[in-house]
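A.B. asks: One letter stands for each residue in the lines below.
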Amino acid sequence: MRKLILVTFLLLAVHIALLFTRRNAKAEGKETSPVRVGIVLDVGGRGDKSFNDGAYAGADSATKMLGSNIRFIEPGEGADREAGLRLLAAEGMNLVIGVGFIFTDDLANLAKEYPNTAFAGIDYALATDANGNVIPPPPNVAALKFREEEGSYLVGALAALVSHSKKVGFVGGMDIPLIHKFEAGYRAGIKKVCPDCEVIVQYAGVTPDAFKNPGKGKELALSQYNQGVEVIFHAAGSTGQGVFEAARATNKLAIGVDSDQNDDAPGHVLTSMVKGVNTATFDAISRVQNHTFKGGIYSFGLKEGGVGYIYDSRNRGLIPDGVRARVEELKQEIIAGRIKVPSTR
Amino acid sequence: MNPISFLTQMIRIAVPYLFAASGGVVAERAGIVSLTLEGFMLSGAFAAVLGTNYSGSPWVGVLCGILGGLIFSLIHAVATIRYRADQVVVGVAINLLAIGVTRFFLKLFFASSSNSPRVAGFGGNINVAGFDNPLLWLGIIVAPVMAFVIYKTPFGLRVRAVGEHPDAAESVGVSVTRVRYVAVAISGMLAALGGVYLALDQHQFTDQMTAGRGFIAISAVIFGRWDPIRAALACLLFAAAETLQIQLQGSHAIPSQFIEMIPYALTIIALAGVVGRAVPPAALGKVED
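Those sequence lines, one after another, are chains A and B. Each residue of the first sequence is one higher than the last, beginning at -18 in the numbering used here. Each residue of the second sequence is one higher than the last, beginning at 743 in the numbering used here.
It should be emphasised that the hints constitute simulated quantities derived from the structure, not laboratory data. This structure is a prediction, so every number in the text was calculated from the model and none was measured. Just so it is clear, CB atoms sit at the ideal spot from N, CA and C, and this is done for glycine as well. Hints may be right or wrong, so weigh each one.
DSS-like, lysine-lysine: derived pairs with alpha carbons at most 30 Å apart [stated by the list, open to error]:
{"hint": "1", "chain 1": "A", "residue 1": "Lys275", "chain 2": "A", "residue 2": "Lys321"}
{"hint": "2", "chain 1": "B", "residue 1": "Lys1028", "chain 2": "A", "residue 2": "Lys30"}
{"hint": "3", "chain 1": "A", "residue 1": "Lys147", "chain 2": "A", "residue 2": "Lys312"}
{"hint": "4", "chain 1": "A", "residue 1": "Lys147", "chain 2": "A", "residue 2": "Lys321"}
{"hint": "5", "chain 1": "A", "residue 1": "Lys45", "chain 2": "B", "residue 2": "Lys849"}
Across the chosen pairs, the derived CB separations fall in these ranges [as the list claims (entries may be wrong)]:
{"hint": "6", "chain 1": "B", "residue 1": "Arg826", "chain 2": "A", "residue 2": "Thr(-11)", "range": "44 to 52 Å"}
{"hint": "7", "chain 1": "B", "residue 1": "Val1021", "chain 2": "A", "residue 2": "Arg27", "range": "48 to 56 Å"}
{"hint": "8", "chain 1": "A", "residue 1": "Arg27", "chain 2": "B", "residue 2": "Val820", "range": "52 to 60 Å"}
Chain A residues, not near chain B, derived (Cβ > 12 Å throughout) [claimed, not checked]:
{"hint": "9", "residue": "Lys45"}
{"hint": "10", "residue": "Leu47"}
{"hint": "11", "residue": "Asn112"}
{"hint": "12", "residue": "His145"}
{"hint": "13", "residue": "Asp156"}
{"hint": "14", "residue": "Cys175"}
{"hint": "15", "residue": "Lys199"}
{"hint": "16", "residue": "Gln222"}
{"hint": "17", "residue": "Glu285"}
{"hint": "18", "residue": "Gly303"}
{"hint": "19", "residue": "Ala317"}
{"hint": "20", "residue": "Thr325"}
Please put together the full structure from these sequences, using the hints given.
C.D. replies: Here's what the structure looks like:
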């Protein structure tokens, strides 16, 4: 038994020593070498047609344009997330990115252990103190946030302008502040162009399962369409697949989220509120490359091209030119700061 | 609120529960804990989409889905009956395995970690509110059929015997092992049909699309005191609560947290013996030597 403990400690000591050699070697490798980036994807990994694919696309263009050296880790459930980040940090990556708000706590903890490594968190969730003030992330962590409410505002206006029934719908996933941002912006956009429109808002649930429940999404959407709603915006992950299915079944319209979801129900997707996860990822990598990386809060909105809505050859037929012009007008007003979009309901 | 739309929506929501709870009743009456329903449903849903995608026929999908549930239930049966592993532990493992396996094959066959392409399905005539789906009708009759099987057939008698007193059953020449294998297999196939219904109603598979419905079904089994008809009524009750929440939400009449709590709260109440004692089959979960 004592032998076993001794061996374990010896191995541990060797292990730790090796970690240090890697890091020191790296530190001397410096300037001229391309920036080394480690990215830990959220559950699902590549092929999720959303967040992970967005981060991958951003990293891919960084590889091509900046010559960055990028390594991905696709964790399974739960605990591997922290282990993945730790592994990359211990390997001496210049930048470690966690994709998804779920990485927030792990990033904050690791950043303290590796003060010389840059960290970035997509959708990093900022905590607030007792007085409601935002607690900034650690100095070496970039919190990459999106002003989803701005994009939601535009699709809300769009939805209200194309429907004739004065009823517009919203299906959220889990009932949490992150999704309330979508709801708040959407609602404000609707009220801007149609003050007497009724907004029907429903959430699929109060647990993370609510993002993965297309059966529930379909029933929620069917009940809204039956009440006379013509357009539903979903911010509900794969629960939204059920919304699209209901749109097909009732021949109504739905609005996609995060990425262009036109392929999920062609002809029934009015537009999609897209998040530029690729833009944010690329931005973080290029900052590290240019030695301009600083911790803090980076917010991507309409102005930065971090959010937007899809208007292309595939959905042009669903959006009259006058409507498009009005929405573009609103977009310019938001960019100019003349319209303040609420982010809480 | 329109009573017709309420009823039709309630039944559509209840169908996956009805299949899975009927499966759960059979396995538990034979003495095998049914924590696995979620995993059976998920594997059934995936196999159905796979089969439908490559054959173009939802009926082939149904058969594949049943086969998918059967495979997972046999893994469960071999581990718990042949190797006498702890049924709760294996049950949790089966559910995790189903998540991993379906995700793995989703990537392998469809190069996506979120959803499959659209496949054929049943029905689609919105004017009949989903009632042109044969699986929906099957879901409505499955509980009475299982009640008949359990109470009126020799096989049902054996199932009840091995769940209550396996030694006595063995002493009169009933093969406890064989009865349990068959019961678990039936539960796997029935629960899988619940998943098949979900997937074909959506015309696609999405990662973890069963979203905890298997656990609601287990709640229904316990709240229904291991009786197929009472379990089915529990399923309808849970579905009615969900429908009420869907149709009243927006008016904020009932907090959704409260509705989501109902199945589990009622299960605890049932187990605590507040409304009549819920007595599980005597040999449930016992590992015989």
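A.B. asks: Each hint needs a verdict: does it hold in this structure or not?
C.D. replies: The hints, checked one at a time:
no., hint, in the structure
1, A:Lys275 - A:Lys321, "holds, 27 Å"
2, B:Lys1028 - A:Lys30, "violated, 45 Å"
3, A:Lys147 - A:Lys312, "holds, 22 Å"
4, A:Lys147 - A:Lys321, "holds, 24 Å"
5, A:Lys45 - B:Lys849, "holds, 26 Å"
6, B:Arg826 - A:Thr(-11): 44 to 52 Å, "violated, 34 Å"
7, B:Val1021 - A:Arg27: 48 to 56 Å, "holds, 50 Å"
8, A:Arg27 - B:Val820: 52 to 60 Å, "violated, 34 Å"
9, Lys45, "holds, 22 Å"
10, Leu47, "holds, 27 Å"
11, Asn112, "holds, 27 Å"
12, His145, "holds, 19 Å"
13, Asp156, "violated, 7 Å"
14, Cys175, "holds, 17 Å"
15, Lys199, "violated, 7 Å"
16, Gln222, "violated, 5 Å"
17, Glu285, "holds, 27 Å"
18, Gly303, "holds, 30 Å"
19, Ala317, "holds, 34 Å"
20, Thr325, "holds, 17 Å"
Violated hints, listed in ascending order, are 2, 6, 8, 13, 15 and 16; each of the other numbered hints is respected by the structure.
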